[in-house]
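**Q** Here's the letter readout for the chains.
Protein chains: 4
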Amino acid sequence: MNPVTIERIRKFTEDRDWDQFHSPANLAKSIVIEAGELLECFQWSENEFEIENVKEELADVIVYCRNLLDKLGLDEDENVNEKMEKNEKKYPVDKAKGKNTKYDKL
Amino acid sequence: MNPVTIERIRKFTEDRDWDQFHSPANLAKSIVIEAGELLECFQWSENEFEIENVKEELADVIVYCRNLLDKLGLDEDENVNEKMEKNEKKYPVDKAKGKNTKYDKL
Amino acid sequence: MNPVTIERIRKFTEDRDWDQFHSPANLAKSIVIEAGELLECFQWSENEFEIENVKEELADVIVYCRNLLDKLGLDEDENVNEKMEKNEKKYPVDKAKGKNTKYDKL
Amino acid sequence: MNPVTIERIRKFTEDRDWDQFHSPANLAKSIVIEAGELLECFQWSENEFEIENVKEELADVIVYCRNLLDKLGLDEDENVNEKMEKNEKKYPVDKAKGKNTKYDKL
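Chains as they are written, first to last, in our numbering: chain A, 1 to 106; chain B, 1 to 106; chain C, 1 to 106; chain D, 1 to 106.
Capping the alpha-carbon separation at 25 Å, the derived lysine-lysine pairs in DSS-like fashion look like this:
1) D:K11 <-> C:K105
2) D:K83 <-> A:K102
3) C:K55 <-> D:K90
Estimated spans, in silico, between C-beta atoms of each pair:
4) A:E88 <-> C:E48: 25 to 35 Å
5) A:S23 <-> B:E85: 20 to 30 Å
6) C:E82 <-> A:K99: 39 to 49 Å
7) C:K86 <-> B:V93: 32 to 42 Å
8) B:P3 <-> C:E82: 49 to 59 Å
9) C:V93 <-> B:S45: 38 to 48 Å
10) D:S23 <-> B:D15: 25 to 35 Å
11) D:T101 <-> B:R10: 35 to 45 Å
12) A:L106 <-> D:T101: 19 to 29 Å
13) B:E85 <-> C:V4: 49 to 59 Å
14) B:K11 <-> C:D19: 48 to 58 Å
15) B:E85 <-> C:I6: 46 to 56 Å
16) C:E52 <-> B:K11: 32 to 42 Å
17) D:G98 <-> A:S23: 19 to 29 Å
Since the hints were derived computationally from the structure, they do not count as laboratory data. Being a predicted model, the structure only gives us computed values, none of them experimental. Note that beta-carbon positions come from the ideal geometry of N, C-alpha and C, so glycine has one too.
From just these sequences and the hints, can you work out the full model?
**A** Printed below as a string of structure tokens:
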């Protein structure tokens, strides 16, 4: 995410004095709530969905994730790369290729 | 997110031939599932949490969001800025400052 | 749910002195967390699932719902009938039959 | 749940010809979606909440759980008692009393 967008997200919270509500727990709840709204786009159908709604709800999830990264002082790239390293070990290509099996059943 | 990290996420999916499982609906389900695991870090307490678990689960949500942006051919900054524009209108500073009231009750 | 089963659920919490963790908020979080685990049974496929896992996770959701009814002093039948009344009005048969459209778009 | 309430729930679905939408996967998604709306009552506060909203959203979760029990031909008491048996073993009173530790860390 471009620094200008990141700054827009931060300013939005600051201008409204909303940091007081942004405990890690409240942000985790918010991420789930928005993820549920995203899922609602697919509630009755897997194949048909309103792209505009999906875009909005996905943006909501992403923004709260950004809020949580900031609240915890995390660098997004560092955080994601750390997890990708674990994922690559949990799902070696030769074992996992073409299968959606969970790692503990591989 | 840095292009090197984005590429790492894409390569992870490609190497394992997992794109076949990445329908928008499956990705929406995955985002909710990981968001639930993130919330689990705060299940019984708002104030105490294991930072390492929170970091892992947050990374999982972020990675699936990236997968979904890619699947839908969306640019993250464009997508987020579009929504921030709507948020700024829904929550004018003079009405929303210091309050966590939902926009339809402002 | 049979009174013997309800009593078993209550005794489980009492024996372990777990009521202290059963704030309405913690129970709401728990319901979401278990619902996410239920959804995980369908993460990559809509049609194939492990029935034993689905049964377990569904039971977990149901048990936490029972905990929350108890915590709030609600009668399940009263609570459900109140909502069914609203649902029947929101989704009149002549308008809603055969369609999965949300009520505000009917 | 009283047989009259159960029958009301079934009739609601039948009258609207909605069984076609009630695949186990769609019902699992619905349970999560409503659980997210229940959680929204506690999004910014653990202690203050609108009881009427909580009651409505809890009822929604319970109704979809009932739909899923029916779809899978499960008896609620049997299903819950099976899981309570496992819970009682996973969380022996002498180890679990007064603690909210997950079973794999007991």
